[in-house]
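Number of protein chains: 2
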Amino acid sequence: MKTRILSGLIMLPLLVIVILNGWILYAGSFVISIMAAYEFFRGFRELDIKPSYPIALCSMAALYILGALRHVAASGGGTGLITFESEHWIMLWIFATVLACLLYLFSIEKRKLEDSMVTLTGVFYVGFFCYTIGALALSEVNIMVWLVIITAFGTDICAYFAGVTMGKHKLCPKISPKKTWEGAVGGILGSVILSGIFGLVFAGELLPHCLVIGFLASIVSMFGDLTASIFKRKMGIKDYGNLIPGHGGILDRFDSVLFTGPVIYFYGMLVLS
Amino acid sequence: MKTRILSGLIMLPLLVIVILNGWILYAGSFVISIMAAYEFFRGFRELDIKPSYPIALCSMAALYILGALRHVAASGGGTGLITFESEHWIMLWIFATVLACLLYLFSIEKRKLEDSMVTLTGVFYVGFFCYTIGALALSEVNIMVWLVIITAFGTDICAYFAGVTMGKHKLCPKISPKKTWEGAVGGILGSVILSGIFGLVFAGELLPHCLVIGFLASIVSMFGDLTASIFKRKMGIKDYGNLIPGHGGILDRFDSVLFTGPVIYFYGMLVLS
Chain A
645 MKTRILSGLI MLPLLVIVIL NGWILYAGSF VISIMAAYEF FRGFRELDIK
695 PSYPIALCSM AALYILGALR HVAASGGGTG LITFESEHWI MLWIFATVLA
745 CLLYLFSIEK RKLEDSMVTL TGVFYVGFFC YTIGALALSE VNIMVWLVII
795 TAFGTDICAY FAGVTMGKHK LCPKISPKKT WEGAVGGILG SVILSGIFGL
845 VFAGELLPHC LVIGFLASIV SMFGDLTASI FKRKMGIKDY GNLIPGHGGI
895 LDRFDSVLFT GPVIYFYGML VLS
Chain B
645 MKTRILSGLI MLPLLVIVIL NGWILYAGSF VISIMAAYEF FRGFRELDIK
695 PSYPIALCSM AALYILGALR HVAASGGGTG LITFESEHWI MLWIFATVLA
745 CLLYLFSIEK RKLEDSMVTL TGVFYVGFFC YTIGALALSE VNIMVWLVII
795 TAFGTDICAY FAGVTMGKHK LCPKISPKKT WEGAVGGILG SVILSGIFGL
845 VFAGELLPHC LVIGFLASIV SMFGDLTASI FKRKMGIKDY GNLIPGHGGI
895 LDRFDSVLFT GPVIYFYGML VLS
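Chains as they are written, first to last, in our numbering: chain A, 645 to 917; chain B, 645 to 917.
Any given hint could be a false lead.
What the hints assert, rightly or not - Calculated cross-link-like contacts (lysine-lysine; reagent style DSS-like; alpha-carbon spacing at most 25 Å):
1) A:Lys818 to B:Lys754
2) B:Lys812 to A:Lys756
3) A:Lys822 to A:Lys694
Stated by the list, open to error - Residues from chain A that keep clear of chain B, each with C-beta distances beyond 10 Å, as calculated:
4) Trp667
5) Ala671
6) Leu691
7) Asp692
8) Ser760
9) Phe805
10) Leu833
11) Leu860
As the list claims (entries may be wrong) - Simulated DEER-style distance windows between Cβ atoms:
12) B:Phe805 to A:Ala671: 49 to 57 Å
13) B:Gly848 to A:Arg689: 55 to 63 Å
14) A:Arg689 to B:Pro852: 29 to 37 Å
15) A:Ala706 to B:Pro657: 33 to 41 Å
16) B:Ile663 to A:Glu784: 45 to 53 Å
17) B:Ser917 to A:Gly880: 47 to 55 Å
18) A:Val856 to B:Glu849: 46 to 54 Å
19) B:Pro821 to A:Asn786: 52 to 60 Å
20) B:Ala671 to A:Ser751: 46 to 54 Å
21) A:Met810 to B:Val675: 48 to 56 Å
22) A:Ser719 to B:Gly840: 37 to 45 Å
23) A:Ala671 to B:Leu747: 29 to 37 Å
Since the hints were derived computationally from the structure, they do not count as laboratory data. Quick caveat, the model's predicted, so the values are computed rather than measured. For glycine and all other residues, C-beta sits at the position ideal for the given N, C-alpha and C.
Bound-form chain A, shown alone (with noise of 0.2 Å):
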């Protein structure tokens, strides 16, 4: 009880980052990234596999750089750079990525293939798509944060309590052995009313894309804590980390943020926008 109540007081800043929105949550988003890289990296121990943590987070920190000024450009306030009306300024970041991560191994004896890999993969699983939440929380439509957490967190505690109370079939034993269809389903149904309640009180016209967004999300964030399972399960570890006491590290708690926050990103700039 003692570490419930310790958890949900490390989650109480989250809560007002969320609230204050915009640029308080963009850069909290990038600390987030830069902590939950750490896990990636240092799960890979186990396997003897030693990402660069120097590149990745020098390749997030130009990321989130290079997307406020892009915003700043976008209001108006121009910096004359770089052209930043165009995608050149992320295929320009995409590049020196893979180019930092390929030069990583030049010192040819120490590293292996790998080392560079799972960097890259840290920089555009974990890295990119945290970045996303930040980019979402500086849009038109910010708003739209709140579902990210809600989508998340939602389809997590009601798929586990449909599952404890109703749970009959695996869903996939293989991966996670305890979650059930019931579980899913739960889940789904949970995410999309706490959605349309959000929609409901907080962003009228938007209601029936809140139900939409529901449903979408619920199903990403499944596949979000899977991922995650299965990265630790190869890696032989039960937990990313032991930052929140009974929850495990930052990456165990956002594994689902991860994969809802670009989902709802893109549906917000192609849909809502």
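Use these hints to put chain B onto chain A, whose structure you have.
Then chain B, alone, in the frame of chain A:
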């Protein structure tokens, strides 16, 4: 001698494609992407790693299709489907590619983490790097595509002759035992001179830029060559393929082009446009 002439004949269609430039070269760049990715993936068989060629193929097709739609939209054609003025399309492509590579792991008993990470590396290193050449071919400065070829092959040939005649000091014996510092300097000089001649004859006012590109691209060209050497050394193979008799596979011939492509593309987009 016979194989050398044959090789020359095989390189001929390539020259025609570069002369035709534009959409033809865009399509040619796609074909080279998928052939090079195939060779790259095949090299990992030796390490018992099985990347997904279908995922890489779909991802690269999506990149070229989205890039084409984006070009049409930017030229005033307009598709109305996606907001192509901004970076969303390429961010969506990153997300979809990474997601597909992660979902590939869901057959958890059949797949290793490496299978997924090599797929990702193949798409971003081979596929995305090659795509920039196609994107350059559709741009306003598509004459610069010539420099992609001139700097890559110019560096290679001039470094070879300078190395053979004057080579004394080893450059990086652990990666590529025959390369020398004298060869490297000769390669850079050759690339700058050839780029200068090209600028003088074909791109009058862009001459100073051609010299800068000749210098920068020559250096990354050697990194491209060495990167391919590292991969082949770690894979335990001598060549990626035997498509071009006496010259190995597509990826053996285009390892430098993969690096000069993006550098000249970004120079063209950020400095010349």
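Contradicted hints - numbers only: 2, 3, 6, 8, 14, 20
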